[in-house]
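Residues per chain, in single letters:
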Amino acid sequence: GAVVSQHPSWVICKSGTSVKIECRSLDFQATTMFWYRQFPKQSLMLMATSNEGSKATYEQGVEKDKFLINHASLTLSTLTVTSAHPEDSSFYICSPLRTGDEKLFFGSGTQLSVL
Amino acid sequence: QKEVEQNSGPLSVPEGAIASLNCTYSDRVSQSFFWYRQYSGKSPELIMSIYSNGDKEDGRFTAQLNKASQYVSLLIRDSQPSDSATYLCAVNTGTASKLTFGTGTRLQVTL
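Chains as they are written, first to last, in my numbering: chain P, 28 to 142; chain G, 4 to 114.
Just so you know, these hints were derived from the structure itself, not from any lab.
Each hint should be verified, as a subset may be incorrect.
Partial chain G-side listing against chain P, Cβ under 8 angstroms, derived [claimed, not checked]:
1. V16
2. F37
3. S52
4. L91
5. L102
6. G105
7. T106
Derived lysine-lysine pairs resembling PhoX-like cross-links, with alpha carbons at most 20 angstroms apart [to be verified]:
8. P:K130 <-> G:K59
9. P:K82 <-> P:K93
10. P:K82 <-> P:K47
11. G:K59 <-> G:K70
12. P:K130 <-> G:K45
13. P:K41 <-> P:K93
14. G:K101 <-> P:K82
15. P:K47 <-> P:K91
16. G:K101 <-> G:K70
17. G:K45 <-> P:K91
18. G:K45 <-> P:K68
19. P:K130 <-> P:K91
20. P:K68 <-> G:K70
Distance windows between CB atoms, simulated [claimed, not checked]:
21. P:D128 <-> G:D58: 41 to 51 angstroms
22. G:Q73 <-> P:L142: 42 to 52 angstroms
23. G:Q34 <-> P:G80: 24 to 34 angstroms
24. G:D58 <-> P:Q138: 32 to 42 angstroms
25. G:T113 <-> P:G80: 22 to 32 angstroms
26. P:S110 <-> G:K45: 25 to 35 angstroms
For every residue, glycine included, the Cβ atom is placed at its ideal position computed from N, Cα and C.
Work out the full structure: start from the sequences and follow the hints.
See the structure below:
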């Protein structure tokens, strides 16, 4: 299988602060990383796609200056929610794409609550 | 128009029965189809993938695909209480492995 580590599992922060979420592929290399967001009782929505060493591609309606993605290595990607607000409260899930594979494996997710 | 549609449920089945979960998709060029299981507060877990028309069996799970009808289903035989979860249907239209997810069907297996 593919082991994906995502931290933190949950975070509570004050409005206006920034939160960084880390995603690591532990036993494989991922040239592509997908970041999803899931609001309560809704499905996963793709936020952005990043390729190692290049800028991320954001889906329509996702602010690139608010959700900063860094994919500096083949095993690590980070998502930073800048100046978080209560409407950013959601479940954030990373999904590194194993080279040559079509199946997606997911990190354990980060529940963000912004007060 | 939603691209991937699922009945939100809940679908309630007694323990030991067969649970049937359905999904339709709108994009005819879709090539790959996946079923994920998601427990509350957890991230999705891949159960099955299917790429060609027909049935694909893996243990108690059977995925069925009908591209002409744009329909994919998941059957769970001998349902167990531990199968109670939300089941997400996901479709890959071929764009760099991007998946489009349905809203999920909540399954409840009762004792």
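Status of each hint after checking the structure:
With its C-beta approaching chain P no nearer than about 21 angstroms, V16 (chain G) sits outside the 8 angstroms limit, and its interface hint is violated. Below 8 angstroms, beta-carbon pairs count as interface contacts, and F37 (chain G) has one with chain P at about 7 angstroms; its hint therefore holds. For S52 (chain G), the interface hint holds, the least distance from its beta-carbon to any beta-carbon of chain P being 6 angstroms, beneath 8 angstroms. Taking 8 angstroms as the C-beta contact cut-off toward chain P, the hint placing L91 (chain G) at the interface holds, the least distance being around 7 angstroms.
Taking 8 angstroms as the C-beta cut-off, the interface hint given for L102 (chain G) holds, the closest approach to chain P being about 6 angstroms. Because the smallest distance between the Cβ of G105 (chain G) and any Cβ of chain P comes to about 6 angstroms, under 8 angstroms, the interface hint for this residue holds. The beta carbon of T106 (chain G) comes within 4 angstroms of a beta carbon in chain P, closer than 8 angstroms, and the hint placing it at the interface holds. Note on K130 (chain P) and K59 (chain G): the hinted pairing holds, with a Cα-Cα distance of about 16 angstroms set against a maximum of 20 angstroms.
Distance hint between K82 (chain P) and K93 (chain P) is fulfilled; the C-alpha atoms sit about 14 angstroms from each other, no more than 20 angstroms. At roughly 17 angstroms between alpha-carbon atoms, K82 (chain P) and K47 (chain P) fall within 20 angstroms of each other, so this suggested pair holds. Between K59 (chain G) and K70 (chain G) the CA atoms are separated by roughly 14 angstroms; this keeps the pair inside 20 angstroms, and the hint holds. Straight-line distance between C-alpha atoms of K130 (chain P) and K45 (chain G) comes to about 18 angstroms, which keeps the hinted pair within the 20 angstroms bound.
Pair hint K41 (chain P) plus K93 (chain P) holds up; C-alpha atoms about 16 angstroms apart against a cutoff of 20 angstroms. A C-alpha spacing of about 17 angstroms is found between K101 (chain G) and K82 (chain P), which places the hinted pair at or below 20 angstroms, so the restraint holds. Restraint check: the Cα-Cα separation between K47 (chain P) and K91 (chain P) comes to about 15 angstroms, which is no more than 20 angstroms; the hinted pair holds. Among the hinted pairs, K101 (chain G) with K70 (chain G) is consistent with the structure: their alpha-carbon atoms are about 19 angstroms apart, no more than 20 angstroms.
For the hint pairing K45 (chain G) with K91 (chain P), the CA-to-CA distance comes to about 26 angstroms; that exceeds 20 angstroms, so the pair is violated. Of the pairs offered as hints, the one joining K45 (chain G) and K68 (chain P) holds, with about 13 angstroms between alpha carbons and a cut-off of 20 angstroms not exceeded. For a cut-off of 20 angstroms, the pair hint linking K130 (chain P) to K91 (chain P) is broken: about 26 angstroms separates their Cα positions. Annotation: proposed proximity of K68 (chain P) to K70 (chain G) is violated, straight-line Cα distance about 28 angstroms (limit 20 angstroms).
At about 23 angstroms, the beta-carbon gap between D128 (chain P) and D58 (chain G) misses the expected band of 41 to 51 angstroms. At roughly 44 angstroms, the beta carbons of Q73 (chain G) and L142 (chain P) sit within the given window of 42 to 52 angstroms. Distance hint check: the CB atoms of Q34 (chain G) and G80 (chain P) are about 28 angstroms apart, consistent with the given range 24 to 34 angstroms. A C-beta distance of roughly 37 angstroms is found between D58 (chain G) and Q138 (chain P), which places it inside the suggested range of 32 to 42 angstroms.
A beta carbon spacing of about 51 angstroms between T113 (chain G) and G80 (chain P) contradicts the range 22 to 32 angstroms that was offered as a hint. Checked against the hint of 25 to 35 angstroms, the C-beta distance between S110 (chain P) and K45 (chain G) comes to roughly 28 angstroms, which is consistent with it.
Checked against the numbered hints given earlier, the structure breaks hints 1, 17, 19, 20, 21, 25 and satisfies all the rest.
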